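Protein chains: 2
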Amino acid sequence: MTLLQSWVESANSADTDFPLNNLPYGVFETNTLEPRCGVAIGDMILDMAAMEENGLIDLAEEPVFDVPYWNDVMELGPEGWAALRNRLTDLLAADAPDQAQVAPHLVPMAEARMHMPLVVTEFTDFYAGKHHATNIGTMFRGAENALPPNWLHIPIGYNGRASTVVVSGTPIVRPNGQTKAPDADMPSFGPSKRLDIELEMGAIVGTSSEMGHPISVAQADDMIFGYVLLNDWSARDIQPWEYQPLGPFQAKAFATSISPWIVTKAALEPFRTSTPEREKDLLPYLREPGPMLYDIELEVTMAPEGKAPTTIARTNYNQMYYSAAQQLTHHASSGCAMNAGDLLGSGTISGPEKDERGSLIELSWGCKETITLDSGDTRTFIEDGDTMTLKGAAKGDGFRIGFGDCVGTIKPAIKFP
Amino acid sequence: MTLLQSWVESANSADTDFPLNNLPYGVFETNTLEPRCGVAIGDMILDMAAMEENGLIDLAEEPVFDVPYWNDVMELGPEGWAALRNRLTDLLAADAPDQAQVAPHLVPMAEARMHMPLVVTEFTDFYAGKHHATNIGTMFRGAENALPPNWLHIPIGYNGRASTVVVSGTPIVRPNGQTKAPDADMPSFGPSKRLDIELEMGAIVGTSSEMGHPISVAQADDMIFGYVLLNDWSARDIQPWEYQPLGPFQAKAFATSISPWIVTKAALEPFRTSTPEREKDLLPYLREPGPMLYDIELEVTMAPEGKAPTTIARTNYNQMYYSAAQQLTHHASSGCAMNAGDLLGSGTISGPEKDERGSLIELSWGCKETITLDSGDTRTFIEDGDTMTLKGAAKGDGFRIGFGDCVGTIKPAIKFP
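Line by line, the protein sequences are chains U and B.
The first sequence stops at residue 417 when you use the UniProt record's numbering, and every number in between is there.
The second sequence stops at residue 417 when you use the UniProt record's numbering, and every number in between is there.
For the record, the hints were derived by calculation from the structure and aren't laboratory data.
Since the structure is predicted, the reported quantities are computational estimates derived from the model, not experimental observations.
Treat each hint with caution, since some may be false.
[Stated by the list, open to error] Footprint (simulated), chain U over chain B, 3 or more residues, beta carbon under 8 Å:
1. 142 to 155
2. 178 to 191
3. 207 to 216
4. 241 to 248
5. 324 to 336
Just so it is clear, CB atoms sit at the ideal spot from N, CA and C, and this is done for glycine as well.
Make a model of the complete structure from these sequences and hints.
What follows is the structure in structure tokens.
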């Protein structure tokens, strides 16, 4: 597939994240427009509420775009999603007849402020990156016991906190929490000293499954609406003290950032790729009928306050051991009802090489090594004022499918009341 | 405090769960009424949507009762909650002047079907019963290592799944899942063979806290709207294989049942009691300014299909080591935003004695002992067709504050697609 041509000139560049091939979904406001659904095209946003109001898009009996979330569109299901994408492609293609009617509803991206693109009903975070799980396991349990015995059989996950999933650009307040040094008698309470990122992709569930009813991997893939970049902020000093026996809780609950744009499964279709060969056969319910990962290049940058960013890691979503479809199937396998708006974090994405690690704890190998930034500053974990940015794009022949950056700047912890 | 007299005669019995002292909140429908908010009084339900429509209750500018959830009332905050309770008490007291206007809006409970009383935004389950944690720990790790080292310092909890919290009476489908016998090479997938209950109380958060901002225990207590009975259904064979290192997931995700009535904090006020003496000092952020547990007698019954129930355990909510207010404070301590509609499970409530254990795995001591029912049937875990019922009431001088039973009957697992 090559770059599709649009009459929106800025969409025809090899460098834009948002060519006609992409058409990702977000929620934006401007000084004059209330928050509403929009579609990115080049350096513009198509105001979907206005398009609907003016009859240029007519997807459902009730309006679905004049709201600050894409959940109503999700509820239309895969046929509705395909109809919308076809209509948008027709309206924005180079030879589209309706340009004069559509053009007034394009808003410059530079004038827009982005909001959460969806209401996250529930958030689940997985642990499906084998290099990451091996790295973390080696640090905590030694190389022989790095991977837990269930890891090659189960896409391991835990329920996260939906109330603190925020859009890129939202400041992240350093969490407080209980920590205990191995040699201390008592724990203490205060700001985390080991604040970290986790570079992940988020899959957005677009249709619902019924309580009590498991789903196949093929059904799960059909249920996925799209993908975002996801930063699972983590307090590495809170987690070891709290996480036995019931898993991470406050070490993860304070914030999760996502990119402003939901890239649809349709846009990513040319980039499908397979999960790696299995070291142990998967149980039949988890076997994939086809390639369900995607080739998406990922990057992390770090910038001290007022200084230029340094790229500290590059990796690819194709490194995962389990796809989002497999994770969703496992999630529903007990009969757990899944809903439109559920967000599934992939787990930290690290590659096999040292500069492909998707978290600071891996990059600094548990504080043993220092990360030196281009500014000359050194880091093991994140300091107040630092800005962390995730970037991602699937790269085609002369075009890219981007997500928009996923950015967060750290603010000092708030003193306990 | 003694029994308050109402002109609704059935509310004046020492045996009713719903005297004027209680006034719990539920959602009901009948053959002629759509699901809506109702208040239990004796063997009747006061139709709050009708009361509001007829101007007998006027709580907010917009209607808040003609919906199938109490979340809108929660949003009014503690002042609104107090105003509502005062108004209801005035309207239903023995000497109330408005009886003739109110009486037409009473619906016999026997004609009503109960729905979920709230939209659960997120569900968190704790592990705050010391006897339970000690019993489980002894079975799995031996008596010396029964309590994890963090247990006396942290109200340990994990995020659960809100999509499968259901009202009493909803059938529970036996979950499928991965299990692995210790001597097996590979895991297998199929219906759980060790289905269990967990007897818990659920606290309902009624107001919201801001992301990044911790709250004190006093603030947390003010945020709690009310309490329900809660059965945290658990698959004991799925959990051991899946739960390391990130905690319980599918072993708990398939279902959680709650009682149909939310008993308000105001109704429980006379029954406040303190958490037990601390074995180790709590960190200051977790210390309670006053008694924040409640004296609520609890009971579990088990009935094979078509047979009479047997009481298999009796215990009391006052056995907990941490209160819901302490749990809520810890939950928000990292800066995790809490929302009206959040549900916090207390953790399994067991007493010190053998017949005070709130789960079958404790009652059967990990399958080593058989539970014999009055019908002559024996059980270690739950079989298809069995009905499990939680009962609870705070008992005053000649009156009781009940929750309505929390019932679930097990249906066979659904075959994987």
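Does the structure break any of the earlier hints, and which numbers would those be? Of the numbered hints given earlier, the structure breaks none, since each of them holds.
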